[in-house]
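As they're listed, the protein sequences go chains A and B. The numbering of the first sequence is numbering that gives the first Met the number 0, which starts it at 0 and goes up by one. The numbering of the second sequence is numbering that gives the first Met the number 0, which starts it at 0 and goes up by one.
Simulated from the structure, these hints should not be mistaken for lab results. Treat the hints with caution; some may be incorrect.
[As the list claims (entries may be wrong)] Here are the simulated distance ranges between beta carbons: (1) B:121 with A:208: 39 to 45 Å; (2) B:60 with A:56: 52 to 58 Å; (3) B:122 with A:61: 28 to 34 Å; (4) A:26 with B:24: 40 to 46 Å; (5) B:121 with A:210: 32 to 38 Å; (6) B:16 with A:66: 20 to 26 Å; (7) A:210 with B:37: 42 to 48 Å; (8) A:42 with B:12: 35 to 41 Å; (9) A:63 with B:69: 23 to 29 Å; (10) B:10 with A:37: 20 to 26 Å; (11) A:208 with B:14: 35 to 41 Å; (12) B:57 with A:60: 45 to 51 Å.
Keep in mind the model is a prediction, meaning the values are calculated, not measured. Backbone N, C-alpha and C define an ideal beta-carbon position, used for all residues, glycine too.
Here are the chains, one letter per residue:
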Amino acid sequence: MPIFATIVKKLSFIFKIMQYWINHNGVQSGPVDLDGLKQLGLTSAAYVWHEGLSDWVKITQLPELQGAYEMVADGTGQPQPASPQGEPRAVAQEPATRPDEPVVGQPYQPQQPAQQPYRQPAQQPQYAATDQPSPAEPCPPTNLVWAIISTVLCCLPAGIVAIVYATKVTSKYRAGDIEGAKRASETGAWWCIASIVLGILYTPFAMLIQTALMN
Amino acid sequence: MRRSLVIVLVVALLLVLGFIYYALDPSQSGFFPRCIFLEYTGYKCPGCGSQRAVHALLHGDVAAAFHYNTMLLVAIPWIAVCLFAESRRTSNPRLYARLNAPLLIWLFLALILLWWLLRNIFNW
Numbered sequence: 000m001p002i003f004a005t006i007v008k009k010l011s012f013i014f015k016i017m018q019y020w021i022n023h024n025g026v027q028s029g030p031v032d033l034d035g036l037k038q039l040g041l042t043s044a045a046y047v048w049h050e051g052l053s054d055w056v057k058i059t060q061l062p063e064l065q066g067a068y069e070m071v072a073d074g075t076g077q078p079q080p081a082s083p084q085g086e087p088r089a090v091a092q093e094p095a096t097r098p099d100e101p102v103v104g105q106p107y108q109p110q111q112p113a114q115q116p117y118r119q120p121a122q123q124p125q126y127a128a129t130d131q132p133s134p135a136e137p138c139p140p141t142n143l144v145w146a147i148i149s150t151v152l153c154c155l156p157a158g159i160v161a162i163v164y165a166t167k168v169t170s171k172y173r174a175g176d177i178e179g180a181k182r183a184s185e186t187g188a189w190w191c192i193a194s195i196v197l198g199i200l201y202t203p204f205a206m207l208i209q210t211a212l213m214n
Numbered sequence: 000m001r002r003s004l005v006i007v008l009v010v011a012l013l014l015v016l017g018f019i020y021y022a023l024d025p026s027q028s029g030f031f032p033r034c035i036f037l038e039y040t041g042y043k044c045p046g047c048g049s050q051r052a053v054h055a056l057l058h059g060d061v062a063a064a065f066h067y068n069t070m071l072l073v074a075i076p077w078i079a080v081c082l083f084a085e086s087r088r089t090s091n092p093r094l095y096a097r098l099n100a101p102l103l104i105w106l107f108l109a110l111i112l113l114w115w116l117l118r119n120i121f122n123w
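Isolated chain A, as found in the complex (with noise of 0.2 Å):
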């Protein structure tokens, strides 16, 4: 259900779980927060990247990021930082110098239209260290944490469904079914929120009646 998986990445994003990778005039860098964005000191020549998102995008088309860079002239229509294989340097380039450097493997494209979605910048050298078979993504999270809170903690047996979904998520992940461990840790996260939400809710109105009964 869509508004459940917006709700999820509203939340994401307000407790800063959202990570961006950044490429800044042709250097790459990420995954950072919010808080490490806005200390990298980008300027609005920036593209960046974060999960949910098709392709990179300048990081002015992106309001949360308001502020977060120096707005610099861009005048020449910087392309779109070319593919991961593509040589990053190259492309930061200013655009009369690009004929003569061709780019290796393939030719020079000046706007990369819609490229395949979910492609990820190029390399993750912390997440490639692991043994998981998919070094280009990393693995959603898996809301384990949260799940175990809400089972011991707030009475009501969801967080149960919500450990389920937990192993889900790794086993889909490493399956190579990355769509799929998306969206089970997004229902995962919703199985938590909803198990703490209620307990939550429930219990001033709990509170409420037993003071009630014993009156």
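With the hints as your guide, set chain B onto chain A.
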């Protein structure tokens, strides 16, 4: 800045909750909510007794906490390790991957289901 605000709020909430659960005994006071699952089905859920267990833990009475909800005592170190791995995910991805391995989560799930079943059979 917003992140530090969230942390301050969470710590404040935990302190208030901790004080309430320290000062009032859930097994004596009627002000604590009873488990919905227990109320409507008559069976204990895996989390039943955790309020009394937290009260006992805050008073340093580990034996009583063990008696009220054994699973809570098992879960607390697990949660701590998972949170640690989560915060170290970029510098130590292997630990995070190990902890979130399906086999381990399935084992934990089996443990909770077993606990749920046994506590209702033996009235733990």
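Point to revise | 23 to 29 Å as the expected CB spacing between residue 69 of chain B and residue 63 of chain A, which holds or is violated | key: At roughly 44 Å between Cβ atoms, residue 69 of chain B and residue 63 of chain A fall outside 23 to 29 Å, so the hint is violated.
Exercise for review: Check the following: the C-beta atoms of residue 26 of chain A and residue 24 of chain B are separated by a distance inside 40 to 46 Å.
Suggested key: Roughly 59 Å apart at Cβ, these two residues miss the hinted range, so it is violated.
Check your understanding: Regarding residue 210 of chain A and residue 37 of chain B, is the given constraint of 42 to 48 Å on their beta-carbon distance met?
Key -> 19 Å, violated
**Study point:** C-beta pair residue 121 of chain B, residue 210 of chain A: status relative to the range 32 to 38 Å that was hinted
**Key:** Holds, since residue 121 of chain B and residue 210 of chain A (Cβ atoms, about 33 Å apart) stay within the stated range.
Point to revise | C-beta pair residue 42 of chain A, residue 12 of chain B: status relative to the range 35 to 41 Å that was hinted | key: 39 Å, holds
Review point. Given a hinted range of 39 to 45 Å, is it respected by the beta-carbon distance of residue 121 of chain B and residue 208 of chain A?
Key: 30 Å, violated
Check your understanding: Taking 20 to 26 Å as the hint, is the beta-carbon distance of residue 16 of chain B and residue 66 of chain A inside that range?
Key -> 35 Å, violated
Practice item. Using the beta carbons of residue 208 of chain A and residue 14 of chain B, state whether their distance is inside 35 to 41 Å or not. Key: 27 Å Cβ-Cβ, so the 35 to 41 Å window is violated.
Check your understanding: Cβ-Cβ distance between residue 122 of chain B and residue 61 of chain A: within 28 to 34 Å?
Key -> Violated: the Cβ-Cβ distance is about 56 Å, outside 28 to 34 Å.
Practice item. Return holds or violated for the Cβ distance of residue 57 of chain B and residue 60 of chain A against the range 45 to 51 Å. Key: 50 Å, holds
Review point. Range hint 52 to 58 Å: satisfied by the CB atoms of residue 60 of chain B and residue 56 of chain A?
Key: Given about 56 Å between the Cβ atoms, the range holds.
Exercise for review: Determine whether the Cβ-Cβ distance between residue 10 of chain B and residue 37 of chain A falls within the hinted range of 20 to 26 Å.
Suggested key: 23 Å, holds
Of the numbered hints stated above, those contradicted by the structure are hints 1, 3, 4, 6, 7, 9, 11, listed in ascending order.
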